[in-house]
Amino acid sequence: MLLKLVLRNALRHRLRTALTMLGIFVAILAFGLLSTVIDAWYSGANTASSSRLVTRSAVSLAFPLPTTYREKLRQVDGVTGVAGANWFGGVYINPKNFFPQFAVDPLPYFALYPEYRMPEAQFREFLLDRKGAVVGRKLADTYGWKVGDVVPLRGTIYAGNWDFVIHAIYDGRDSKVDTSQFFFHWDYLNETVKKIFPRRANTAGVFVLGIADAERAAEISQAIDAQFRNSLAETLTETEKAFQLGFVAMVETLVVAIRVVSYLVIFIIMAVMANTMAMSARERLSEFATLKALGFQPWIVGSLIVGESLAIALIGGFLGVLATFPVAANFSALVGSLFPVFEVSRETIAMQFASAAVVGLVAALIPSVRAARVQIAAGLRAVA
Amino acid sequence: MRIPFTYSLRNLWARRLTTALTTGGLALVVFVFATVLMLEQGLRSTLVATGAFDNVLVIRRSAGTEVQSGVDRAQAGVVASQPEIALGSDGKPLLSKELLVLISLPKRSSGSSSNVVIRGAGERGLLMRPQIHIVEGRNYHAGSSEIVVGRSIRERFEGTAIGETLRFGLRDWTVVGVFDAGGSGFESEIWGDADQMIQAFRRTMFSSIVMRLNDPAAFDTLKLRLESDPRLTLEAKREKIFYEEQSEVLARFIRYLGITLSVIFSVGAVIGAMITMYASVAARTAEIGTLRALGFQRSSILSAFLTEAMLLGVVGGAVGVALASSMQFFTVSTVNWQSFSELAFSFDLTPGIVAAAMAFAVGMGLMGGVLPAAQASRMKIVDALRAH
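Just so you know, the sequences run in chain order P and Y. Here the numbering used here is used: position 323 in the first sequence is 323, and no number is missing along the way. With the second sequence counted from 1, adding 1000 to any position gets you the numbering used here.
Here chain Y stands alone, though its shape is the one from the complex (with noise of 0.2 angstroms):
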């Protein structure tokens, strides 16, 4: 026979500051191991939203990131006669040669510098990125000396509000609009015309070229050609894939940070669990002893104690999520390693984040009731009668 289970849902509630107080412990543990997940999450979602399935992007072979990489125009001319290249409406290759150069800005909240991405762009290239919207202000004119921002910019440095301007390459640039890219690494960047930039930096090379392909199938037989082709040092990657790997070292730290964390965190979890569960059971062995005196079973005696225990988890990690869900609410902005920029993301919330958290707590509470159910379960009736 089972003991109900009101009687661990009960056993809970007539020791509410003790149950507070674990469950509090739990819900800690959990808020930290959610968080830090969300956080990974945000960050792969927001970089993996940048690139596109079809497009391609090139650059230098073993420059990693497009800041490091450089593509002269004679390259850029071979990338740019390939077939497989989609052609826009008015019948021209979408195809745009992008510079990327970082520069540093005052941020707003505290006034320290960061590196921002300055993305030079061909005449095709906000057409090539569906995502990016322009919501204040306007584009930037082809051959002009003005750019665009993107939301998290316009938020978190100076001097980029509309009509104002920045000086960077001897030029003064006036920011005439704000473009949404969907959550997208393209928001923590400024956009402007490749040409006018490349002059003002006095380059003579670009950093990428970015091309729609007109069968995305077509992605390996581009990719052989062009990097079989002698005269080229480059290298061809979806543009997807390239955004995904940008995110790997910055997304592999905060993981390996947080579970290591939040591992030697439930061990002070786990160990309020197991005190709170040897003290329910200690208190109550003349109950136990007249459960087992009313004919209920050692197995019936052990998941009683053993849903006590896990009830425990279960609240904390309800509480625990509930905390980091509203974490939500708030965007952080650090610094990408390996593009060396700064990059804004926020915290993103999954179902399997949830489970996984969930089932976290349970772990922890089931961890902490073994010992002290198998106690319970192993008592001999006549001494557990006899207690008190």
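So that you can see chain P by itself, here it is in the shape it has in the complex (with noise of 0.2 angstroms):
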């Protein structure tokens, strides 16, 4: 019976509880692609493996290594892979077209990161050609390459033109693996390093490392750092988690910013939700106390507004969250390379269910009380 009574009353001003859902399903909405776009944030580090490590300058980052280093970093207890990379950053004709470019050792590299699948024919292509690249499969679909062409791309560290010839063109081992990087020979790259500027030949940017055992990192981290200790070039060795959480924590007040941006919304919503169910609430005050005056619990009379409020939170959350998905893809089209991995999480859909649930609750408190509260004659008297 009180369910019944529940959505009766809801569907009274059929446009007021539309608007209302409506307002609902925009705001839960916003909040899932926000909380999605943090997620995309963090997805490099999340994804990171423990079994890897990366030493880099102790400075920062603009400084790099000698190639020297490999072999002694092979060379250190625990250490089963050393592959180099160097951050290209070349521009792909318009500046606009962001998206990481990396110069490593293809061989020992893409051991280390088994997530990347690609067939084995491509990659035996791709190390027979000095200008070869290897792409993600987000990446070519965004800019619609194919095997066999050519990208030319403009170095603003290593000035020039630069072309490369796509080989292969990865996928990964799941949907949580970035696919928007472009990888190509560290030899190239040095070869015309040596011919240009001779003194930043031979040197990587970062050393990515294999360790047999995770449990191991930081005694192995420490070791390295200890050997390299008051040479030219100290290095910092992290896990790659951490080194990826680094530049998390560098646009980490944007972050910050979204996330209460993310609450925000839902605060505005709950007022607009409040204000809804305020008005149901003096509108039907001569009914409430009939309901009284009938011998019903005020308990009763309270749950009938909790109830409709809920009712509409919830129906118009679970619009929200459907559309959630069909949005979400279309953003993550739309941003292309910018977020490499745009997925919305489990934790995401259940925040939003819980956040509907809360402005429902929240929204009902004052006017349920209120309704429950109602005095008999009064509220029989009283006009809206």
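Derived from the structure by calculation, the hints contain no laboratory data. Careful: at least some of the hints might be erroneous.
[Unchecked claim] Here are the in silico distance ranges between beta carbons for each label pair:
#1 Y:Gln-1199 - P:Arg-259: 42 to 52 angstroms
#2 P:Ser-345 - Y:Trp-1337: 22 to 32 angstroms
#3 Y:Ala-1074 - P:Asn-161: 16 to 26 angstroms
#4 Y:Ile-1259 - P:Pro-152: 26 to 36 angstroms
#5 P:Ile-196 - Y:Gln-1199: 42 to 52 angstroms
[What the hints assert, rightly or not] Not the full set, but computed from the structure, chain P residues with beta-carbon under 7 angstroms of chain Y:
#6 Leu-5
#7 Gly-23
#8 Ala-27
#9 Ala-62
#10 Ile-157
#11 Gly-160
#12 Asn-161
#13 Val-251
#14 Leu-254
#15 Val-261
[Claimed, not checked] Chain Y regions said to be covered by chain P (calculated; three or more residues, Cβ under 8 angstroms):
#16 1013 to 1026
#17 1052 to 1063
#18 1108 to 1115
#19 1262 to 1274
#20 1329 to 1341
All C-beta atoms in this analysis are idealised placements derived from N, C-alpha and C, irrespective of residue type, glycine included.
From these two lone chains plus the hints, build me the complex, please.
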């Protein structure tokens, strides 16, 4: 009976109910998208393997390490593989087309990243061509590249025009793997750099290390950094996750701002919803008085409002959650490779439902107490 | 005949809770909208204040930022011999060959590291940036391992108080002074002697060359000569324009993100206003009938309800702007993606932003009020009077 009354009540002001639901829908949708944006920011850190370390210059990432370190790192106890990588920072046609490009030691690098999967034949082709490149599926789709295409990049750190031939397109092991990267031969970079900036040759921006036992990560990092202490290029070794989190920390303020704003949208909708419920309750004061006169308990009268509020919030919220998926997919396609991984997580969905429920409950708080406490005589006399 | 303004005003007061909730929603949206514009403005004015119009900055062609650029000594010599460079009071050219490197320093607040710009400047580097004043301690001595730090570096990073030392480039550098740079980007930098730094970092090249023009109009001739000189692979920009460009990507990101969010949020607020106005109309059906019977025109009814909706917007907007203006006390620091270094800037409230925020608020109120007001004005007198 109670449920029926709640639904009937909700449908009395169809327009108002529809508008409120629309408001909840938009708010929950926005909340979901913002959470997903934050998740996307952390995606690099979340997919980082605990069995990989990153060694870089202790001064900052802008300082490269000499490639002679490669052999020294390989000899450190517990290290199974070493691959150098340089950030290339080239521009594809227009600076707006941003995507990460790395010059890597192909064999050890791809051995360290088994989650990048590509056909064996393509990889062999890539190894044979010094100007070859491996690109991620998402990146290839964004710019419509196919195997065999030539991609021109204009160097910003390494001046000049560079042409690369795509030989392989890699897919991720699962949807969380970043497939918006561009890899090419470190040798190609180095040979060219030797000719034009001899002093900058034979350096790597970072070394990625594979370790056999993830438990020993801290110990191995310390051993490496101790080895190069007081040298011309002191090193800082950390797990891949810490390395990635370092990047997130740089834009921490923005992440915090987005998070604050995503809660603000919930507050805004809470005000709107509370308004709707306050109005409904005020209009029906005489009905509530009647119900009480008939002998219904105050809590039943109060729960009518709570029920109505929850029903509206949850239905609106549910629609909002449903809409999050297609909107997120569109958004992801729109921003292209800016966010390499853009997936609506299970936590986000749970948070969306939870916020819808909280909005419904909080909005009904004052009106339902008011309804439950209504004085029969005063309520019967009340006019809307 | 017009319905008096007080009618609309008193209606809002009569339904205080509803009015408060609706304006609260509007205020939050306006707050977000205004804050984002203030942030963008703050970022722009910080970086615009950094450059001077008659200073010219020379970097390697297509480097984009000073950190990525390199100018070797031979090229620097050619640049330094240009006739357009102004002379200082001592008769020497106003020119500074600078070295920029990024080092990571731990932050005071979180302990996590962020990139900081170290600028090795020439003898006249400070002289050419009149906005820089030493506020604590003294300037560094040329030829020594001394550094001075910007005010916001002093506040945010560890080991940057006067007397403390920072270790980079295999040397300990003593902090001897703190400078104020009038809220410009230099406040997020550490300065020292270029020649010392170039040795410490084992570089052979400067990053950029800054010079003062003796005639601001001479820029185009100088630029043309430098960029067409086959010995040079450099490009010249006015310092002001250069720093403006540095703010572009981040400013645009903040702006797009903020406007997208504001538009999405405004849907919620407009709906709130709409619900309120519909209820306001529905509750006063008989009243509207009476007004019409008294001879008030449909248009008067329409404008009375639109005024009420606008008032909601005005109140919401005023509250939102007031909230946003309190943000001026905060400073934000984040990494500027273009220069890859930490930059501190504050929220900057301008009259333009206030006007935009108020217009946005009134617009939301009006959008929420249009349909209900139209409904009210279309009511038939007889039906309306019969309500209740």
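Hint check:
no. : hint                                       : verdict
1   : Y:Gln-1199 - P:Arg-259: 42 to 52 angstroms : 45 angstroms, holds
2   : P:Ser-345 - Y:Trp-1337: 22 to 32 angstroms : 25 angstroms, holds
3   : Y:Ala-1074 - P:Asn-161: 16 to 26 angstroms : 24 angstroms, holds
4   : Y:Ile-1259 - P:Pro-152: 26 to 36 angstroms : 34 angstroms, holds
5   : P:Ile-196 - Y:Gln-1199: 42 to 52 angstroms : 24 angstroms, violated
6   : Leu-5                                      : 21 angstroms, violated
7   : Gly-23                                     : 4 angstroms, holds
8   : Ala-27                                     : 6 angstroms, holds
9   : Ala-62                                     : 4 angstroms, holds
10  : Ile-157                                    : 5 angstroms, holds
11  : Gly-160                                    : 9 angstroms, violated
12  : Asn-161                                    : 10 angstroms, violated
13  : Val-251                                    : 6 angstroms, holds
14  : Leu-254                                    : 6 angstroms, holds
15  : Val-261                                    : 6 angstroms, holds
16  : 1013 to 1026                               : holds (count 6)
17  : 1052 to 1063                               : holds (count 4)
18  : 1108 to 1115                               : holds (count 5)
19  : 1262 to 1274                               : holds (count 8)
20  : 1329 to 1341                               : holds (count 5)
In terms of the numbered hints stated before, the structure departs from hints 5, 6, 11, 12, listed from lowest to highest.
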